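S.K.: Turn these sequences into a full structure, and let the hints steer you where they fit.
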Amino acid sequence: METKKVEYILEAIDLCKYFKAGRKQYVKAVDHVNIRMRHGETLGLVGESGCGKTTTGQTMIRLYEPTSGKILFEGQDISRLRGKELLHFKKNVQIIFQDPYASLDPRMTIGEIISEGMDVHMKLSDREKESRVNELLRKVGLNTEYANRFAHELSGRQRQRIGIARALAVEPKFIVCDEPISALDVSIQAQVVNLLMRLQKEMGLTYLFISHDLSMIQHISDRVGVMYLGSIVELAPKQPIYSVPKHPYTQALISAIPVADPEADTETGRIKLEGEVPSPLNPPGGCKFRTRCRYATERCANESPQLREVEPDHFVACHLYDN
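Take any residue in the sequence shown, note its place counting from 1, add 116, and you have its number in my numbering.
No lab work stands behind these hints, which were simulated from the structure alone.
For clarity, every value in this text was computed on a predicted model and none was experimentally measured.
One or more of the hints may lead you astray.
Heads up, simulated BS3-like pairs for lysine-lysine below, C-alpha to C-alpha not over 25 Å straight-line [as the list claims (entries may be wrong)]:
hint	residue 1	residue 2
1	Lys207	Lys255
2	Lys186	Lys200
3	Lys317	Lys289
4	Lys186	Lys144
5	Lys186	Lys289
6	Lys239	Lys255
7	Lys289	Lys239
8	Lys206	Lys255
9	Lys245	Lys200
Pairwise CB distance ranges (calculated) [said to hold, decoys possible]:
hint	residue 1	residue 2	range
10	Ser331	Gly257	17 to 25 Å
11	Glu414	Val122	38 to 46 Å
12	Gly257	Gln422	40 to 48 Å
Glycine included, every Cβ here is placed at the ideal spot set by N, Cα and C.
M.R.: So this is what it looks like as structure tokens:
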């Protein structure tokens, strides 16, 4: 009997992750987030540093245990997975870390780093593992001789390609790409992104691509989620996000993207936000963005806006669109 393929590969439902920061204080790094990931898509997650992007990604694949909420993988609640089912989940979700320098064990050869997950999730002989490592090295554009080298012998570009090969080693379905190019030189960032896009097409992968680079998010993503102080404020296909953003915060972010036109008056169209990002230890009541928003009203101070669908597949958390 065939199992029916569910519409979403991974779902975060009312997901929260709070970190204790004192006797009675908590940082609400992820605060009631709702995300549904479709098979084979790339969802870009963007926002300022410290907004909760990385914690969201890592909680969705259970590197952090959620404070509350639910995570479904192919329709199954992962909090209830045990034994073989839990191993199956861990095999199918992987992560590419931000820092290619810190994420590779300096005591292990590249071959050992790539094959480490195979020992847990795949029953392969030594010869089969060696063949698989060589196949992965070629897939990410590296010579098979790199299998016997150590991380300190490699450049930043090469190390990040090793990080990608390691994530692919156990044939996952879903990968969190956690700022995978931010530590790399600008001249090679596009190479790594194009590699990720090619591998996604070849292997049918689903990506959660985390970045603060709006131009790169636009290039790689199918849909875009915008985060502010632990919450999703807008979620939509990339075309309307970049052409007709609805949330005031998204509008400000998009207006700040550099324009490759020396004659364009970029300052005229730029929306400048007032003030600083509030402390995550003491965020404003009501709408968290209201202290920097030019449209803020008394209602924004008293009532937190819910993420709601205002157009097909376009979700916004803002009282401006309640009607």
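S.K.: None of the hints should be skipped; say for each whether it holds.
M.R.: Status of each hint after checking the structure:
no., hint, in the structure
1, Lys207 <-> Lys255, "holds (19 Å)"
2, Lys186 <-> Lys200, "holds (20 Å)"
3, Lys317 <-> Lys289, "holds (12 Å)"
4, Lys186 <-> Lys144, "holds (16 Å)"
5, Lys186 <-> Lys289, "holds (20 Å)"
6, Lys239 <-> Lys255, "holds (21 Å)"
7, Lys289 <-> Lys239, "holds (19 Å)"
8, Lys206 <-> Lys255, "holds (22 Å)"
9, Lys245 <-> Lys200, "holds (22 Å)"
10, Ser331 <-> Gly257: 17 to 25 Å, "holds (23 Å)"
11, Glu414 <-> Val122: 38 to 46 Å, "holds (43 Å)"
12, Gly257 <-> Gln422: 40 to 48 Å, "holds (45 Å)"
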